[in-house]
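2 protein chains.
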Amino acid sequence: MSSGKHRVVIVGGGFAGLSAARALRKADADVTVIDRANHHLFQPLLYQVATGGLSPADISAPIRGLLSKSRNTKVLLAEVTGVDVSARSLATTSGPVEYDTLVLATGSTHSYFGNGSWAENAPGLKSLDDATAIRRKILLAFEAAEQAKSEDERRSWLTFAIVGAGPTGVEMAGAIGELARQTLKNDFRGFDPSTARALHIEAGPRVLPTYSESLSPKAEKSLKKLGVEVLTQTRVTDVSEQGITVERDGASEEIPAKTAIWAAGVQSSPLGAMLADSVNADSSSGELELDRIGRVPVNDDLTIPGHPEIFVLGDLASFPHQDGSPLRGTADVAAAEGKYAGRVISRRLKGKSAPKPFRFRDLGKLAVIGRSSAVADLRFLRFGGFLAWQFWLFIHILKLVSYQNRATVLVQWASSYFSRNRSARLITGKLDWSELKGGATAEDESDSGRGAA
Amino acid sequence: MSSGKHRVVIVGGGFAGLSAARALRKADADVTVIDRANHHLFQPLLYQVATGGLSPADISAPIRGLLSKSRNTKVLLAEVTGVDVSARSLATTSGPVEYDTLVLATGSTHSYFGNGSWAENAPGLKSLDDATAIRRKILLAFEAAEQAKSEDERRSWLTFAIVGAGPTGVEMAGAIGELARQTLKNDFRGFDPSTARALHIEAGPRVLPTYSESLSPKAEKSLKKLGVEVLTQTRVTDVSEQGITVERDGASEEIPAKTAIWAAGVQSSPLGAMLADSVNADSSSGELELDRIGRVPVNDDLTIPGHPEIFVLGDLASFPHQDGSPLRGTADVAAAEGKYAGRVISRRLKGKSAPKPFRFRDLGKLAVIGRSSAVADLRFLRFGGFLAWQFWLFIHILKLVSYQNRATVLVQWASSYFSRNRSARLITGKLDWSELKGGATAEDESDSGRGAA
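So the sequence lines, in the order shown, correspond to chains A and B. First residue of the first sequence? That's 1 in our numbering, and the numbers climb one at a time after it. First residue of the second sequence? That's 1 in our numbering, and the numbers climb one at a time after it.
Note that these hints are calculated values from the structure, not bench results. Mixed in with the good hints there might be a few duds.
Identical chains blur together in the list; that is why a pair holds if it fits in one copy or across any two.
Said to hold, decoys possible - Derived DMTMM-like pairs (lysine to aspartate or glutamate); straight-line CA-CA distance at most 20 Å:
#1 K430 to E120
#2 K437 to E229
#3 K430 to E213
#4 K149 to D192
#5 K430 to E79
#6 K352 to D301
#7 K69 to D187
#8 K149 to E98
#9 K437 to E79
#10 K74 to D187
For reference, chain A alone in the conformation it holds in the complex:
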């Protein structure tokens, strides 16, 4: 970094950050990519890891490897802990990092709408560690059901609640339905896995609320085929180790479900707030105000007002869509923004004029439901079923970042499609044997019949 060149610091190695770094590959600058993980993650397939269909390495690739040919780019494994816009410096776990141009693309995390304590019993799905933890939880529930002492206990182990019917929720619910009905069909002797219940809970009136209305019934039908019970207009009011409490038609109901998965809300990375605090501490520029879920409002070139040297991209940014609402937080938007920001920076470095304002060309949305169905909400076309699933498969394999990922995922899918197997059904991490106990009531806990000798 002592070369005296213009220093571009990109925080976040997701779709936005990686695209920006790639667009800067030939720029005459010192580029640093900071991420607290060593890998880029293909988040659209994370639910497959959480349900044992794919391995973590199938949907991720080391950031260093992806940028190894960018000789002007350095990768730093670190977490950013502070932003100082007047000093143009970041505080990180690896010491201070100075920038001339800053690109923030740290994405979003789950939101429990102020009920952070629910996280322990209803984990969300954002990272590889989240996915392997959820996989462990789901598989352990079936193991505990095999060892259950009472039908009530078994029932609560075999009830899965998936909260939130956005694309991730729909994909998780479909995959759990499929796991119980098909993959695990012959694996247990004490119960029939197809009796497991997957409850899909959505506060709004329909599944896939951000998709065209005509697709929601299609998605719901596909989910029901996989045995998923869809409960719309149902609000979660509490989550505990024993189950969830929901409010429906004004009545409150407790549902004993040992496994709950949260796919209901997102909030932006805390780096947005750090940025706003630093900008607002400096009275010379205008006030920077985050939106409801913590996104940073950006100009039409993805920089923030008063700071042309700071770009905010992806889930962390609020960029107005043609219709006035912010662009959605998906991989395609993030990748397009990263590419654009990289281009703006490159042109500046060459002394060229700024390109036209950023405009997202929306090609459409896709969500998959189980082994052979999906819905596609494309620009001029909406369709569901097997064809949509094939289309989904094609697009997703194409979009995987590395050739090796593409080859393995293709083999995994071909093989699981025909065998209905999900080969990555691994329970990893040290087992605490009490996890397998019911614990539904105090009497259960003290039952000496289950104790070790």
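Got chain A; can you put chain B on it based on the hints?
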């Protein structure tokens, strides 16, 4: 289990236990397989997971899935905590389990020869969790080297000590050499990864001490090609966070190496001692005495003296080889023993006479060194190099338990062979950022320049 049928309980879902269960598939018995993991593990390829070449799911398969067609067989995820041979009962984390015939095949674990405290800084390689922990340790060492403040600190991060030159040690040393020289070649900007040192430390006079003497120089040559420094007749006398201390030619030397990996010794699973205690508590049968590393001596039909209803198999058993020494603790021996024990039990249930005593037909041993070399020590043939490597590849893919594993491993290998890439280079698990700090001296630790803001 209330069917009144003969109850066979198999403890351990490794090669021995799984083969025994498979051989009993059509037996008129209630079979229970108890394991504390939910997966069977193809241990010969575990070093590939530890070095980022394969994913955990590539070399493992759920035990339930492997036995789903054995309708007489139940799988129990539990840990055995006690054995009572007179009551014919096991204590487990899931309550008592009674048996008519017991098969113990719980394998072995690492031995630090009485220095258990070394385990923290020199982990061994037996389970998937061990492998992902070692992978994390190796990859974090390179990340820390990129962030090192001094050349001394960097050097200690880039020094890897592999203790023990048996097959696992040789395979780990070769893979680390390859990782540094080939895979990571272009990934760092602050140092050249090929300057990393892999020290292979062996107390005895040659690598692969259990192989034919003519193969050791071949293996050593292949290791040196990958940049591995082989130190024979060198004994480890201490292991700390900062490095290892070795004794060589009577002189003691401290080697600053932040990453040490233990492949030097094994000891049998503690279930052997539990069994011996229970047998010896009952004065009617003779004394059962374990050998030096905790193995249980078995009769020529793999049962223990005085207890024809108890079989001990695999690494836990000490069965005399033709030459008088116990059979080695490898997958092929374990699988053959499991198959034999299953046959003995089946014949007994049918009222048939016992088969001929167990005899292991040794086809040979194989060890791989890096991407394209191996040594083969076969019955009538010994060879090394590329041909041995191809043979090793063929045998190992053939022996993987499931079709899906075989297909993915083949694709992974084909792709990494040509790209020299190891795509599963994931650092998983929550990062404690202090792990990346040198901490070589007290001053380093207090250096405020590295602190977070």
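- Task: Could you tell me which of the numbered hints above are not met by this structure, giving the numbers in increasing order?
- Result: Structure breaks hints 2, 3.
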